[in-house]
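Trainee: One-letter residues, chain by chain:
Number of protein chains: 2
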Amino acid sequence: MRHFDIEMNNLKKKLLDMAEIVQEMIKFSVDMIVKRDINLSQEVFNREREANLTEIVVDDTCLKLIALNQPVGADLRFITSAMRINSDLERMGDEAVNICEIGENLLKYPDLKPLIDIPKMAKTVVAMVIDSICAFNTSDAELADTVLSKDDEVDELKITIIKDLLEFMTDTSDKTMLIRAMDLMFIAKNLERLGDHATNIAEDVIFMVHGKDIRHLRSF
Amino acid sequence: MRHFDIEMNNLKKKLLDMAEIVQEMIKFSVDMIVKRDINLSQEVFNREREANLTEIVVDDTCLKLIALNQPVGADLRFITSAMRINSDLERMGDEAVNICEIGENLLKYPDLKPLIDIPKMAKTVVAMVIDSICAFNTSDAELADTVLSKDDEVDELKITIIKDLLEFMTDTSDKTMLIRAMDLMFIAKNLERLGDHATNIAEDVIFMVHGKDIRHLRSF
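If you read the sequences in order, they're chains A and B.
186 is the number that the working numbering gives to position 186 of the first sequence; each next residue is one higher, with no gaps.
194 is the number that the working numbering gives to position 194 of the second sequence; each next residue is one higher, with no gaps.
Bound conformation, chain A alone:
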């Protein structure tokens, strides 16, 4: 195996490590809300530092790979896509941290029945995240396509959740109930954002595989 190929495999491995950390952060943050387990937030906060460090290592690896090997074509696309995916992953970790910070407030109070469609939305978003990483790992543009197709579903779930919570807020004069409903709205927004990042990664995978920039295609 050429030295360059070893280095490229090494980059891929580092980015998959980053993805692993961030996927855990997302899973723990979602479980924290759905299973009402306050201890899980610490798991997320512990991993944030690791994610931040790994982000810098991956970026540095990409820059060195370009500077020392002058890649072109598919190799260059792989490296620049890796930089972009790396950045999306780090921001996904931030969303997980945000969910936990809201969750720490939310879990001070008893459960707001119902959690509406939050668990369903979380499940869909986590599946998008897993599939987008898997599509990157196996260079599977078709799998990346299925991630894109779930984006509308997530948007609709978010709209339903916010509408349902608003009904709930109108019917209560209890301030703590109001706060909890708002916290759930913010969590729905964070979940939507996680779905957006998974969509970005899926678009990068398609670009990486086909060399075709499909971003914003639906809006042209």
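If you are wondering where the hints come from, they were derived from the structure by calculation, not from laboratory data.
Cβ atoms here follow ideal geometry from the backbone N, Cα and C, with glycine treated the same way.
Do not take every clue at face value.
[Stated by the list, open to error] Derived lysine-lysine pairs resembling DSBU-like cross-links, with alpha carbons at most 30 Å apart: (1) B:K64 - A:K12; (2) B:K13 - A:K64; (3) B:K35 - A:K158; (4) B:K35 - B:K163; (5) A:K158 - A:K27.
[To be verified] Per the computed footprint, the stretches of chain B lying under chain A, defined by three or more beta-carbons under 8 Å from a beta-carbon of chain A, are: (6) 56–64; (7) 82–90; (8) 169–177; (9) 181–189.
[What the hints assert, rightly or not] Residues on chain B that point at chain A, a partial pick, calculated with CB under 8 Å: (10) A67; (11) Q70; (12) L76; (13) T124; (14) V126; (15) L166.
Use these hints to put chain B onto chain A, whose structure you have.
Mentor: Positioned in the frame of chain A, the structure of chain B alone reads:
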């Protein structure tokens, strides 16, 4: 002037065009809310398509510059920073679109008095955006530093706004009032996100100028 230098200037010009479009989108979206001028949302939507197209052109220019010139050191840092800044700018445009979409609902109703600290927060965020772009344009790491220092101010303003709006929500049983207060909360979140993107750009400028990755430095 070398052909490569001409190409680099060309990239910088394209990225500044992108920044110009996005700055206009942000300004119009903020003015729409603060001045209650519904017509401004159309100005934002019109520019979104242009921003999306320009994003793709800038990225393509960066890839070609790397592939054809094999830059290293400061030149390579400039190009990869341009890719990152380009991506932040496009997402800032999305935030402006989000603000307008919320604004179109908000402006159906009379003004919710007071708008609390939203205009103040918007002013701070717009200044951060302008300074981050200017820092990029003039390679001014010190100006970029001042952008970073405003991040905490924006966070504090957001916390105050959400607290004030919550008080307001507790005191009303009017559903439309509740919706308007919520819309303003979401706008505060969008403004916070715009500030985050300006911070990202400022960090990229510092990396570009000094070759030092300062992301997450405060958390280590």
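Trainee: For every hint, state whether the structure bears it out.
Mentor: Structure-based check of each hint:
In summary, the hint linking B:K64 to A:K12 is supported, as the alpha carbons are separated by about 23 Å, within the 30 Å threshold. This hinted pair checks out: B:K13 and A:K64 have alpha carbons roughly 26 Å apart, not beyond 30 Å. Only pairs whose Cα atoms come within 30 Å are accepted, and B:K35 paired with A:K158 is accepted, the gap being roughly 29 Å. For the suggested pair B:K35 and B:K163, the alpha carbons sit about 23 Å apart, so the restraint of at most 30 Å is met.
Proposed proximity of A:K158 and A:K27 is supported: the alpha carbons are some 19 Å apart, at most 30 Å. Residues of the segment 56–64 of chain B lying with their CB closer than 8 Å to a CB of chain A number 5, which satisfies the three-residue condition for coverage. For the segment 82–90 of chain B, the assignment as covered by chain A holds, since 3 residues bring a beta-carbon within under 8 Å of that chain's beta-carbons and 3 suffice. For the segment 169–177 of chain B, the assignment as covered by chain A holds, since 4 residues bring a beta-carbon within under 8 Å of that chain's beta-carbons and 3 suffice.
For the segment 181–189 of chain B, the proposed coverage by chain A is satisfied: 4 residues have a C-beta within less than 8 Å of a C-beta in that chain, meeting the threshold of three. With its C-beta approaching chain A no nearer than about 4 Å, B:A67 sits inside the 8 Å limit, and its interface hint holds. For B:Q70, the suggested interface contact is upheld, since its CB lies about 4 Å from the closest CB of chain A, less than 8 Å. For B:L76, the shortest C-beta to C-beta distance to chain A is roughly 6 Å, which falls under 8 Å, so the interface hint holds.
Hint status for B:T124: violated, given a least beta-carbon distance of 21 Å to chain A, over 8 Å. Below 8 Å, beta-carbon pairs count as interface contacts, and B:V126 has none with chain A, the closest being about 22 Å; its hint is therefore violated. Checking B:L166 against chain A: minimum C-beta separation of about 7 Å stays under 8 Å; hint holds.
Against the hints set out earlier in the document, violations occur for numbers 13 and 14.
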